[in-house]
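K.L.:
Sequence:
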Amino acid sequence: MSFSNVSMKSDFLGMIASGLCLIHCVATPFLFVAGAGLGIPSKAQPTWWGYLDPIFLVLSLLAVFWSIQGTSLRWIKFLFCALWLLLLVIVLNEKFELYPIAEEAIYIPTIGLILLHLYNSRARHNSTRLVKN
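Every letter in the sequence shown is one number past the one before it in the numbering used here, and letter 19, counting from 1, is 87.
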(Lines of atoms letter the chains of each structure in order from A and count residues from 1; the text may use other names and numbers.)
(Lines give C-alpha, C1' and ligand atoms only; values in the text may rest on other atoms or scores of the structure.)
Protein backbone atom coordinates (compact mmCIF):
# COMPACT_ATOMS: atom_id res chain seq x y z
CA MET A 1 0.00 0.00 0.00
CA SER A 2 1.47 3.36 -1.02
CA PHE A 3 1.86 6.26 1.39
CA SER A 4 -0.63 8.37 -0.60
CA ASN A 5 -3.21 5.62 -0.15
CA VAL A 6 -2.60 5.58 3.62
CA SER A 7 -2.81 9.36 3.66
CA MET A 8 -6.17 9.33 1.84
CA LYS A 9 -7.52 6.71 4.23
CA SER A 10 -6.31 8.79 7.17
CA ASP A 11 -8.85 11.47 6.34
CA PHE A 12 -11.59 8.84 6.38
CA LEU A 13 -10.27 7.49 9.71
CA GLY A 14 -10.15 11.05 11.04
CA MET A 15 -13.73 11.76 10.03
CA ILE A 16 -14.92 8.49 11.60
CA ALA A 17 -12.91 8.94 14.83
CA SER A 18 -13.98 12.57 15.21
CA GLY A 19 -17.57 11.71 14.37
CA LEU A 20 -17.67 8.93 16.97
CA CYS A 21 -16.03 11.28 19.46
CA LEU A 22 -18.75 13.85 18.74
CA ILE A 23 -21.48 11.24 19.26
CA HIS A 24 -19.77 10.19 22.51
CA CYS A 25 -19.65 13.82 23.69
CA VAL A 26 -23.28 14.47 22.80
CA ALA A 27 -24.53 11.19 24.30
CA THR A 28 -22.72 11.43 27.64
CA PRO A 29 -24.95 14.09 29.26
CA PHE A 30 -28.07 12.24 28.13
CA LEU A 31 -26.79 8.99 29.63
CA PHE A 32 -26.10 10.72 32.95
CA VAL A 33 -29.56 12.30 32.96
CA ALA A 34 -31.13 8.94 32.16
CA GLY A 35 -29.05 7.32 34.89
CA ALA A 36 -30.13 9.95 37.40
CA GLY A 37 -33.75 9.23 36.50
CA LEU A 38 -33.11 5.57 37.28
CA GLY A 39 -31.46 6.44 40.61
CA ILE A 40 -27.91 5.68 39.47
CA PRO A 41 -25.34 7.99 41.13
CA SER A 42 -24.04 10.68 38.75
CA LYS A 43 -20.39 9.62 39.17
CA ALA A 44 -21.20 5.99 38.36
CA GLN A 45 -20.37 5.27 34.75
CA PRO A 46 -19.22 2.08 33.11
CA THR A 47 -15.44 1.72 33.22
CA TRP A 48 -15.24 1.22 29.46
CA TRP A 49 -16.97 4.58 28.88
CA GLY A 50 -13.97 6.36 30.40
CA TYR A 51 -11.59 4.55 28.05
CA LEU A 52 -13.27 5.98 24.97
CA ASP A 53 -11.65 9.43 25.33
CA PRO A 54 -8.04 8.18 25.06
CA ILE A 55 -9.00 5.77 22.28
CA PHE A 56 -10.54 8.60 20.24
CA LEU A 57 -7.54 10.84 20.97
CA VAL A 58 -5.05 8.21 19.75
CA LEU A 59 -7.07 7.42 16.61
CA SER A 60 -7.44 11.12 15.92
CA LEU A 61 -3.72 11.73 16.47
CA LEU A 62 -2.82 8.97 14.00
CA ALA A 63 -5.26 10.34 11.44
CA VAL A 64 -3.91 13.88 11.88
CA PHE A 65 -0.30 12.69 11.65
CA TRP A 66 -0.90 10.75 8.43
CA SER A 67 -3.03 13.53 6.96
CA ILE A 68 -0.40 16.23 7.52
CA GLN A 69 2.20 13.94 5.96
CA GLY A 70 0.10 13.79 2.80
CA THR A 71 -0.56 17.50 2.32
CA SER A 72 1.74 20.29 1.23
CA LEU A 73 -0.54 23.10 2.42
CA ARG A 74 0.96 24.67 5.53
CA TRP A 75 -2.32 26.14 6.76
CA ILE A 76 -3.97 22.70 6.73
CA LYS A 77 -1.04 21.25 8.69
CA PHE A 78 -1.29 24.09 11.19
CA LEU A 79 -5.06 23.71 11.59
CA PHE A 80 -4.82 19.95 12.03
CA CYS A 81 -2.24 20.38 14.80
CA ALA A 82 -4.04 23.28 16.47
CA LEU A 83 -7.42 21.53 16.48
CA TRP A 84 -5.97 18.28 17.79
CA LEU A 85 -4.06 20.11 20.55
CA LEU A 86 -7.22 22.00 21.50
CA LEU A 87 -9.09 18.69 21.66
CA LEU A 88 -6.36 17.23 23.88
CA VAL A 89 -6.39 20.24 26.21
CA ILE A 90 -10.19 20.14 26.57
CA VAL A 91 -10.25 16.39 27.24
CA LEU A 92 -7.42 16.63 29.80
CA ASN A 93 -9.08 19.60 31.44
CA GLU A 94 -12.32 17.65 31.68
CA LYS A 95 -10.56 14.60 33.19
CA PHE A 96 -8.58 16.57 35.77
CA GLU A 97 -11.10 19.40 36.29
CA LEU A 98 -8.42 22.09 36.05
CA TYR A 99 -10.41 25.08 34.78
CA PRO A 100 -14.14 25.63 34.37
CA ILE A 101 -14.76 25.27 30.64
CA ALA A 102 -18.21 24.81 29.14
CA GLU A 103 -18.90 21.20 28.20
CA GLU A 104 -19.86 22.36 24.71
CA ALA A 105 -16.29 23.57 24.03
CA ILE A 106 -15.38 20.04 22.96
CA TYR A 107 -17.60 20.44 19.89
CA ILE A 108 -15.33 23.13 18.37
CA PRO A 109 -12.22 21.00 17.77
CA THR A 110 -14.26 17.87 17.07
CA ILE A 111 -16.40 19.44 14.37
CA GLY A 112 -13.36 21.34 13.12
CA LEU A 113 -11.41 18.10 12.66
CA ILE A 114 -14.32 16.45 10.84
CA LEU A 115 -14.63 19.39 8.44
CA LEU A 116 -10.87 19.68 7.93
CA HIS A 117 -10.51 15.97 7.17
CA LEU A 118 -13.43 16.28 4.74
CA TYR A 119 -11.85 19.31 3.06
CA ASN A 120 -8.43 17.65 2.92
CA SER A 121 -9.92 14.49 1.46
CA ARG A 122 -11.76 16.43 -1.25
CA ALA A 123 -8.75 18.61 -2.04
CA ARG A 124 -6.50 15.56 -2.30
CA HIS A 125 -9.07 13.74 -4.47
CA ASN A 126 -9.37 16.74 -6.80
CA SER A 127 -5.59 17.13 -7.08
CA THR A 128 -5.07 13.46 -7.95
CA ARG A 129 -7.86 13.66 -10.51
CA LEU A 130 -6.19 16.68 -12.13
CA VAL A 131 -2.85 14.87 -12.24
CA LYS A 132 -4.41 11.85 -13.96
CA ASN A 133 -6.06 14.02 -16.66
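Misleading hints may appear alongside valid ones.
[Unchecked claim] Derived DEER-like restraints, expressed as beta-carbon distance ranges: (1) L153 with P97: 23 to 29 Å; (2) S140 with Y119: 17 to 23 Å; (3) F164 with W143: 17 to 23 Å; (4) T115 with C149: 29 to 35 Å; (5) K145 with I169: 22 to 28 Å; (6) P168 with F146: 27 to 33 Å; (7) V94 with R190: 23 to 29 Å; (8) R142 with L120: 31 to 37 Å; (9) Y167 with Q137: 28 to 34 Å; (10) I176 with P114: 35 to 41 Å; (11) L153 with F80: 17 to 23 Å.
Think of the hints as simulated: they come from the structure by calculation, not from any bench.
From a predicted model like this one, the values you see are computed outputs, not experimental measurements.
Just so you know, even glycine gets a beta-carbon here, dropped at the ideal spot from N, CA and C.
K.L.:
Which of the numbered hints are not met once you compare them with the structure shown?
P.N.:
2, 3 and 10
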